[in-house]
Amino acid sequence: MDECYGRTGTVLHIDLTTGAATPEHPDGTVYERFLGGRGLAGHYLHPFVDREYTDPDLPLLLFTGPLTGTESPTSGRGTILSRSPLTGAVCDGSIGGGLPTRLKKAGYDGLVITGRAPAPCGIEIDDNEVRVVETSLWGQDTDAVLHALERRLPEDTSLACIGPAAENGSLLASVAVDHRHGGVRGGLGLVWAAKNLKYLTVRGTGEVRVHDPAALVEAREAIVRLTMASPVLMGGHGFSHWGTGALFDLINSRRMLPTDNFRKTWFDQGAEVNAAALARLYKPRDHGCLGCHIRCRKIALDGRSLPGFETMAHFTADVGNADPEAAMEAADLCGRLGLDPVSAASTLACLREITGKDYTDKTLISTLRAMAEGGDLAAGALNLAQACGRPETAMTVKGLELPAFDPRGGYGLALAYAVSTRGGCHQRAYPISHEVLRKPVATDRFTFSGKARIIKLAEDAIAACDSMNACRLIFLAAGLEEYAKALTAVTGKDWSVQSLLEVGERTTVNERRMNAENGFDSTDDDLPERFFTEPGTSGGGVDVPPIDREKFLAARRNYYWVRGLDENGDPTADTLQRLGLDR
Amino acid sequence: MKTLCEKYAAKLAAQGLATGHGPDAPLVGGLDAELVWNREDPRTDVLSGLFSRLSINSLVFVRPAEPYRTILDFLAARNPDGIRPEDTETRTFLHDIPVCGEFTAEAMAARLKRRKVIVIPGQGVAACGTVTPEQGFVSVSSAVFATFVLFFSDYLNRARNVTLDDEYVDVFSRVVRLLPAPRTDLPGLATGPFINEESVVAAMAEAGRKVVGFGLVDSFFGNISYRLGETIHISQTGSSLDELEGCIDPCPMDGSATNGLTASSELSAHEDVYRRSAFDCILHGHPRFSVIMSMDCERDNCPNRGRCHIHCTECRTVDGVPIVPGEVGTGPTGLCHTLPPAMAKNGAAMVHGHGLFTAGNNDFNKPFARLLEIENRCRDLYFERLSQYV
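Heads up: the sequence lines are chains A and B, in that order.
Residues in the first sequence are numbered consecutively from 1, following the UniProt record's numbering.
Residues in the second sequence are numbered consecutively from 1, following the UniProt record's numbering.
It should be emphasised that the hints constitute simulated quantities derived from the structure, not laboratory data.
In this text, a Cβ means the ideal position worked out from N, Cα and C, and glycines have one as well.
Hints may be right or wrong, so weigh each one.
Covered, in the sense of this in silico footprint (three residues per stretch, anywhere, with C-beta under 8 Å from a C-beta of chain A), are these stretches of chain B [to be verified]:
1) 197 to 208
2) 258 to 265
3) 323 to 329
Produce the entire structure from the sequences given, and follow the hints as far as they go.
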C-alpha cells in the first residue's frame with residue numbers, strides 16, 4: 001500500500017437519505033491522475049453529471065488537495081464542486097477559511113454527499129466521528145446559523161452553511177464558509193438545499209503527513225520570497241494591504257471596468273468607491289485563510305467584510321451606484337442571504353437596463369431581498385432577460401454572469417470567458433495576470449495573437465493549482481516550478497511543472513467532456529453580442545473598440561485545435577484516450 | 001508570434017548576449033496554432049521536439065557571445081548537475097540553472113520540465129515560456145548575468161583562499177581580455193526640473209534607454225522614478241528600461257489610489273527615499289561589478305555567512321557608498337527597510353547581490369553619472385582586490 005503523504009487516503013461518502021457515512025480508500029493511481037481538489041472532485045462527479053440538481057444521486061463534492069493542511073504557503077484551500085443549477089455546466093468554487101484544513105486534519109481528502117435528508121439537517125464532523133443531525137436552523141440567515149453553531153461547538157471548528165436564498169430555490173444561491181470564505185458561484189448552494197443540507201461543521205485535530213519537511217521548508221522559502229517580491233500581492237498598493245479591491249483603480253484606468261451593465265467601461269465616480277475610499281470609511285483590519293501569509297481579506301471596524309474587487313465593482317459601477325455604504329450593505333446582505341454577490345449584482349444591472357430605473361440605496365437592498373425569495377430575479381440575469389423578452393441584456397456566458405472585467409479590454413480575457421468550462425468566469429485562465437498585471441510578463445491585451453495557447457496553458461496551470469489546492473492569487477508571484485517542489489516534498493512523488501500541467505489538462509478536459517455530455521457545444525463558447533457590436537468607453541489614451549468577431553472566432557478555432565477539441569468544442573477521441581479519459 | 005520571436009532575438013543581440021547574425025544568432029520559436037521560428041536553422045529540428053514534449057508556447061535558444069560563452073561552458077563543466085549562483089536574481093527567480101549534457105530534445109525536455117532555463121555546455125542556453133518569448137529572453141539574460149557574477153565572485157574568493165587551479169586562471173585571463181572597455185562618457189540627458197507629467201515621462205524614457213545602452217542593467221530591468229509634487233512616477237514591474245513609453249505608473253503618495261498595483265516592486269523603497277530626503281529622481285540598475293563587489297566579503301567566519309543578503313550587520317561601503325542587505329520587495333527582510341535610510345543619507349547605495357541605486361535632483365544627469373562612476377570604481381576595485389592575492 002502507498003504511504004499516505006499529503007493525503008489521508010480516505011474519501012468519505014455521506015448518504016443523507018440514510019445518514020450513513022462510508023469511507024472509501026481510492027487507489028493511489030486515482031490520486032496521481034487527478035491529484036485532489038477540483039481534479040479529484042471532477043472524477044467523482046463524472047458518472048452522475050447528467051443528473052438534475054434535484055436528483056438525490058447528484059453528488060455534492062467537497063475536496064481538499066495534497067497541500068491542504070501543510071506548511072506550503074496558501075494551502076488552506078479546498079473545492080466545492082457539483083453540476084450548477086444555474087447553468088447546467090460543471091461548476092466548482094474555491095473555498096478558504098479553515099474548513100479545508102480541518103477536513104483534511106479530520107482524516108478526509110474529500111466528502112461525497114448524496115441523497116436527500118427527510119428533514120433539514122446538518123453534517124457534523126469531529127475527527128472520525130460523523131453525525132447527520134436534524135436542525136431547526138432552516139430559515140435562518142447565514143450569520144445566525146454560523147453564530148448559533150459557534151456557540152455550541154468547540155472554537156477550533158470550521159463551519160459552512162447556506163442561507164434563505166438557497167432554501168427559496170434561488171439559482172444564485174451561494175455557500176458561506178467560516179463567515180467570509182465562501183464565494184461559491186453557479187448556484188451550488190441550491191444543491192445543498194436540494195439535499196436538505198443546511199450546514200456542515202468540521203473539527204480536525206490530526207496532522208497531515210509530509211514526506212520531506214526540510215525540503216518543504218526550502219520550497220516554502222522560495223515561494224514566500226517571490227510573494228514578497230510581488231507588487232500585486234505584497235506591495236504598498238497590493239492585495240495584502242488593500243484586499244483585492246486594489247484592482248479597482250487599475251481596472252478603471254485601463255477602461256475595462258463594467259459600468260451600467262457593460263454598456264460603458266469607465267466609472268466616473270470611481271474615486272468615491274475605490275479601495276482607498278473604503279479604507280478611509282471603514283478602517284479595516286487584515287484577515288486571511290489558515291496557512292496564508294497574504295491575508296487579502298479585510299474586515300471593517302463594525303465587523304462586516306469589505307467586499308472584494310468584483311463584488312464592489314458590480315455593486316457600484318455596474319449598477320450605477322456611487323454610494324459606498326449602499327454597496328457595503330448590499331454585499332453584506334448577499335452574504336447573509338447566501339447569494340452569490342457577483343451574479344446578484346449583475347442581475348440587478350440587467351434589470352436596471354431593462355426597466356430603465358436607477359436604484360436608490362433602499363431599492364438596491366429591497367430588490368436583493370426579493371432576489372432571495374424566488375421568482376424571475378432569483379433565476380439570474382439570463383433567465384430574467386429572457387423572461388422580459390430582452391435576452392441581449394444578459395451579460396452571461398453559459399448562463400453565468402460575467403465578473404467585473406470587460407472583455408473588450410483584454411482579448412485573452414474575452415477568449416477565456418467564452419471557453420471557460422464553468423461559464424462567465426475569468427478565473428479559469430486568469431488572463432488579467434498578463435494582460436493587466438504584467439505577470440509573468442506583459443502581453444498586448446488588444447490582440448488575439450498567441451492567446452489560444454496562452455489560455456489553454458493557463459487553464460491547465462490553474463486547474464493544477466485548484467487540484468493541489470493552493471490559492472490562485474499566489475500564482476501572480478510564484479509558479480508551478482516552485483509548487484512542484486513543494487508538492488514533491490509533501491507527497492514524496494516526483495512532480496514537475498510538466499506533470500502538474502498534465503493533471504491540469506486532464507482536469508479541464510474532464511470538465512469539457514462532462515459539459516459536452518450535457519449538450520454544451522461551440523454555441524455556448526461565445527460572448528454576449530454587445531461586445532462585438534458596441535465599443536467600450538475610450539479615453540485616457542486607450543481606445544476600446546468592439547471585438548472583431550471574425551478574429552474572435554479564429555482564436556476560438558485555434559483554441560479548439562490546441563486543446564484537442566473538435567469543431568463543436570467536444571474533446572476528440574484521441575484527446576480523451578491520451579489523457580486516460582476514454583468514454 | 002513571429003514578430004515577437006524576431007523582437008526578442010534582436011534584443012538578445014542588442015544586449016550583447018548574442019551575435020545578431022550567423023549560425024550563433026539566437027533561435028526563438030513561438031507556438032500558437034502553428035510553430036514559427038525567427039529564422040531557419042538546422043537545430044530547429046531538435047528544438048521543435050521540445051514543443052511536443054513540454055506544455056510551452058515559446059522557446060529561446062542562444063549560443064551566448066563572448067565572454068559569456070566561455071564562462072557558461074566553464075561553470076557547466078565544473079558543475080555538471082547544475083549551477084547555483086547566489087545573486088538576488090537567482091535566489092528569487094531562477095533558483096538554480098540545470099546543466100544538460102546532451103543537445104537532444106529528450107534530455108533538454110527532462111530538465112526544462114522543472115526549471116525555466118538550462119545550460120547545454122558547448123551548445124548554448126535554452127529557456128521556455130508559456131506566455132510569450134519574453135519569458136525565455138528574461139531567463140536567458142538573467143542566467144548569463146548570474147553566471148557572470150558567480151564566475152568573478154568565485155574567482156576572487158578562490159584567489160583569497162588560495163584554491164585557484166591553472167585552468168581557472170587560464171579561463172579567467174581569457175574572459176578578462178574579452179571584457180569590453182568601461183564607458184566613461186556621459187549621455188547628456190534632458191535637464192530639469194520637469195514640471196508636468198509629459199516631460200517627466202519623456203525624461204524617464206530617455207534615461208532608461210541610456211541605462212540600457214551603457215550596459216548598466218541585465219534583462220533591461222532595474223527601475224526608475226521621478227517625484228512630481230506628491231506623485232511618484234515609476235517604471236512598471238517587469239518593464240524594460242529601454243521601452244518605458246506606456247509603462248510608467250503615476251502613484252499618489254497620499255494613498256488615495258492604487259494605480260501602483262503594476263508599479264515596480266521597489267515602489268515602497270522609492271517612496272520612502274523621497275519621504276526622507278529632498279531627492280526627486282532615482283535610478284536603479286544592476287551593474288555587474290557593483291553586484292560582484294556588493295557580495296564580496298573577507299570574513300569567512302562570520303556567523304551570518306550564507307545569509308549575508310538578509311542578515312549582514314557590517315557597515316560595508318565601496319568608497320563611501322553603503323552596501324545594505326535586503327531582498328526584493330516589502331517583506332520583513334525586504335530592501336524597503338534598509339535602502340531608504342542609506343539612500344537618503346548618501347544619495348547612492350548598493351543592495352547585497354542586487355544592484356545599485358542613485359538619486360538626484362531635478363533630472364537624471366547626476367544619478368546617471370554616479371551609477372556609471374560607481375560601477376567603474378567597483379570594476380577597478382575588483383581588480384585591485386584580486387591583485388592582493390594573485
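Taking the hints in turn, this is what the structure says about them:
{"no.": "1", "hint": "197 to 208", "verdict": "violated (count 0)"}
{"no.": "2", "hint": "258 to 265", "verdict": "holds (count 8)"}
{"no.": "3", "hint": "323 to 329", "verdict": "holds (count 3)"}
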